[in-house]
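Residue numbers (the working numbering), protein chains in the order written: chain X, 1 to 324; chain A, 1 to 434.
A couple of the hints might just be wrong.
Said to hold, decoys possible - SDA-like mimics (lysine to any residue), calculated; alpha carbons at most 25 angstroms apart, straight line:
1. X:Lys93 with A:Ser129
2. A:Lys406 with X:Tyr142
3. A:Lys271 with X:Gly162
4. A:Lys406 with X:Met208
As the list claims (entries may be wrong) - Some chain X residues judged to face chain A by a derived CB distance under 8 angstroms, without partners named:
5. Ser89
6. Lys159
7. Gly162
8. Phe180
9. Leu182
10. Pro272
11. Pro273
12. Phe287
13. Leu288
These are calculated hints, taken from the structure and not from any lab test.
The beta carbon of each residue, even a glycine, is placed where N, CA and C say it ideally should be.
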Amino acid sequence: MSVTTVEPPAQKPTVRPQRKNRRPKSSGWWMPYALLAPAVMFVLAIQVLPMVIGICMSFIKLTKAFIANWGSAPAAGLANYSITVDFNSAVGKSLLSSFFVTCGFTVLVVGLSWMLGMAAAVVLQKQFWGRGFIRTLFLIPYALPVYAGIIAWKFMFQKDTGAINHFLFDNLHVGGEKPFWLIGDSSFVAMLIVAIWRLWPFAFLMLMAGLQSIPSEVYEASAVDGAKPWRQWRSITLPMLKPVNVVLILVMFLWTFNDFNTPYVLFGNSQPPAGDLIAFHIYNASFLTWNFGLGAAMSVLLLLFLLLVTGIYLIVVNRRSRRA
Amino acid sequence: MTIRTLTAAAAIAALALATAACGSPSSSSSQNSEGGKTLTYWASNTGTSLDHDKEVLTPQLKKFEEKTGIKVDLEVIGWNDLQTRIQTAVTSGQAPDVVNIGNTWASSLQSTGAFLPMDEDAMKAVGGSDKFLEAALETAGAPGQVPTSLPLYGMVYGLYYNKAMFAEAGLQPPKTYEEMVSAAKKLTKGGQFGLSLRAGSYSTNAHFAFLNSAQNGAELFDADGKPTFASDGVVAGVKRYLDLMQSEKVVKPSDVQVDSGQGVHEFAAGKVPMILGATIDSAILADGMKAEEYGVVPYPAPAGAKDIASFPAGINLSVFKNTKNKDGALKFVEFMTSSETQTALNDKFGTLPVLKGAKPTFLADTEKAKVLLDIYATQSKPLPLVAAEDQFESTVGKAMTQLFSKVASGSTVNEEEIRGVLETAQQQVAASAG
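Produce the complete structure using the sequences and hints provided.
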């Protein structure tokens with residue numbers, strides 16, 4: 001006893017921090033975990049569980065003969081995957097072309113939406129009469145219910161009765177034959193227009209919010225140094241918006257790559273090859289042929305691809321910012 | 001302390017599970033009905049609109065409730081959604097008790113094993129298999145197996161024509177494909193096209209791929225059930241149908257976007273003299289065209305080809321195997337296929353009877369009814385009764401929609417391209433079947 005009581009003072013400096021660390025643990029350290037547990041469990045149930053089930057599905061032969069009783073579906077091993085990535089077969093080939101269409105679509109939609117959003121946000125940064133009204137106006141596509149918005153576009157894109165052909169050919173008298181918008185190759189353009197129309201207000205909203213946090217003194221100071229608007233935008237706005245941009249572009253990329261609503265509502269049951277986005281393609285692959293194992297395998301591949309892209313993107317972006 | 005932690009964790013887990021359990025199956029009211037006094041029934045869109053179906057069916061369901069005390073919850077589902085809805089029901093097990101299916105899906109759905117087999121006992125409960133027309137009963141499932149559906153309404157494809165427009169041009173109703181084309185050519189003038197197709201609907205396209213191939217004597221599946229879509233007869237058949245728009249130019253290119261009743265409206269309005277449709281009389285009449293203003297003939301085959309004008313199309317009734325109220329469901333099937341209900345429904349929907357000895361009453365003139373019944377009884381060949389039939393419809397039908405799109409936007413589709421597209425469809429079906 002006495003030894004122990006004597007010795008501690010000498011070691012006090014090193015012991016005390018340990019004790020301090022341990023003290024919260026000793027009573028009720030589990031409380032935060034317990035409070036978090038329901039949330040974690042729901043996340044597991046809502047996010048992870050379906051993912052795991054999806055991955056399991058991709059390894060079984062879940063065709064319509066077994067759909068009523070999943071347990072009886074035979075294991076397929078990697079068969080679903082080998083069909084999917086066999087790009088000489090019809091299934092693989094169409095998946096690959098759908099993948100390329102989706103890549104092109106995503107780059108164009110994200111790029112153009114970002115540009116439009118940025119332009120609008122910068123223009124509306126200045127105070128002028130009617131600014132609030134225009135801001136609200138710009139946000140309408142984002143606020144509209146998805147289905148209602150796209151179905152309106154679908155009507156407008158009709159060949160003989162649609163507003164777009166009417167405007168172009170009957171009002172502006174563009175020469176030539178009225179084109180189909182929703183079939184053939186022009187369906188890509190139609191889909192692009194609708195997707196940008198829906199997405200750019202989001203970019204606008206985020207960038208507008210980001211612009212509020214840039215102090216006006218910086219602009220004033222640079223103006224004193226003789227910086228023109230373009231230089232100001234490039235050297236002040238862009239770098240200071242970087243944190244917003246990093247997240248914004250990532251989110252827009254993921255949304256657009258997984259876009260299902262736009263082609264589904266626009267094309268219904270007969271998707272043209274040029275409008276065959278990958279999420280829609282997977283839906284068709286599994287629901288039309290009742291082959292859910294194959295659809296699951298495609299989904300898993302899509303998931304891996306998105307994880308890879310997101311990972312690389314974040315590493316590159318973070319490394320750059322650390323270097324800077 | 002560890003014990004306390006564990007109990008806390010267990011309590012929370014139990015709580016989470018309990019909430020999760022609350023969220024699941026209880027939604028389907030039919031499954032936990034008290035004493036089997038309720039049935040859920042999914043009806044297909046047979047009439048001119050979903051509301052029309054509801055209007056026609058509700059009085060019959062009332063009658064059934066008075067008779068048996070079983071209340072029927074009705075939901076009418078459009079054709080674009082019905083297959084997906086059935087799929088979801090099969091997958092999740094949260095199904096209605098009784099459902100309408102397109103009879104061409106019968107063997108596909110049979111292979112899921114989710115439907116009640118109509119064995120002898122079940123057949124007896126619904127009034128015996130003898131009461132049905134043989135041609136209709138053949139559509140109930142794959143040959144040699146216990147069917148999982150029973151015929152409800154019969155339909156056939158026919159070529160409907162506008163009598164006044166034909167008389168004006170001095171034309172007779174066509175008897176061969178060639179006559180149909182020449183009549184259509186004569187009637188294609190001044191912005192008007194001779195024939196209207198539902199070229200945007202994948203199922204209609206698949207049906208005509210089948211019919212034209214069958215006229216050529218080609219089969220879609222070989223004896224082992226393997227798809228043979230890319231055979232010469234099928235390619236030629238598909239080409240013949242596409243050529244109505246492509247080389248004969250008697251079909252309006254924008255028909256490629258028609259996937260519902262739009263063509264019927266134009267026909268009834270006198271804007272197009274001929275239309276292909278499956279017992280669309282009630283829709284035509286509902287649009288205000290009078291029965292004596294139009295006629296119907298079988299969809300003609302080319303001279304020298306097989307005389308096949310349609311398949312025994314229609315709607316069948318299936319009972320889900322996991323119904324909690326099997327007796328009630330069978331009683332309901334018996335009621336729906338009884339001659340009294342059949343007469344009432346066929347009259348309102350303008351569909352053909354599926355019972356022996358019954359006469360179609362939906363048309364004022366029995367002449368048209370006779371034509372349609374004749375097609376049903378003598379000029380019909382069933383679509384392949386194999387499990388992959390629905391996949392034929394979706395893959396080939398959609399491929400044809402794409403081909404029509406190409407034609408409509410001005411490019412030409414040759415035989416080689418058709419064969420390539422059909423080969424792709426064939427591989428898709430083989431991949432998911434094998």
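Hints and how they fare:
no.: 1; hint: X:Lys93 with A:Ser129; verdict: 47 angstroms, violated
no.: 2; hint: A:Lys406 with X:Tyr142; verdict: 34 angstroms, violated
no.: 3; hint: A:Lys271 with X:Gly162; verdict: 19 angstroms, holds
no.: 4; hint: A:Lys406 with X:Met208; verdict: 44 angstroms, violated
no.: 5; hint: Ser89; verdict: 6 angstroms, holds
no.: 6; hint: Lys159; verdict: 5 angstroms, holds
no.: 7; hint: Gly162; verdict: 10 angstroms, violated
no.: 8; hint: Phe180; verdict: 5 angstroms, holds
no.: 9; hint: Leu182; verdict: 7 angstroms, holds
no.: 10; hint: Pro272; verdict: 6 angstroms, holds
no.: 11; hint: Pro273; verdict: 7 angstroms, holds
no.: 12; hint: Phe287; verdict: 6 angstroms, holds
no.: 13; hint: Leu288; verdict: 4 angstroms, holds
Hint violations for this structure: numbers 1, 2, 4, 7, all remaining hints satisfied.
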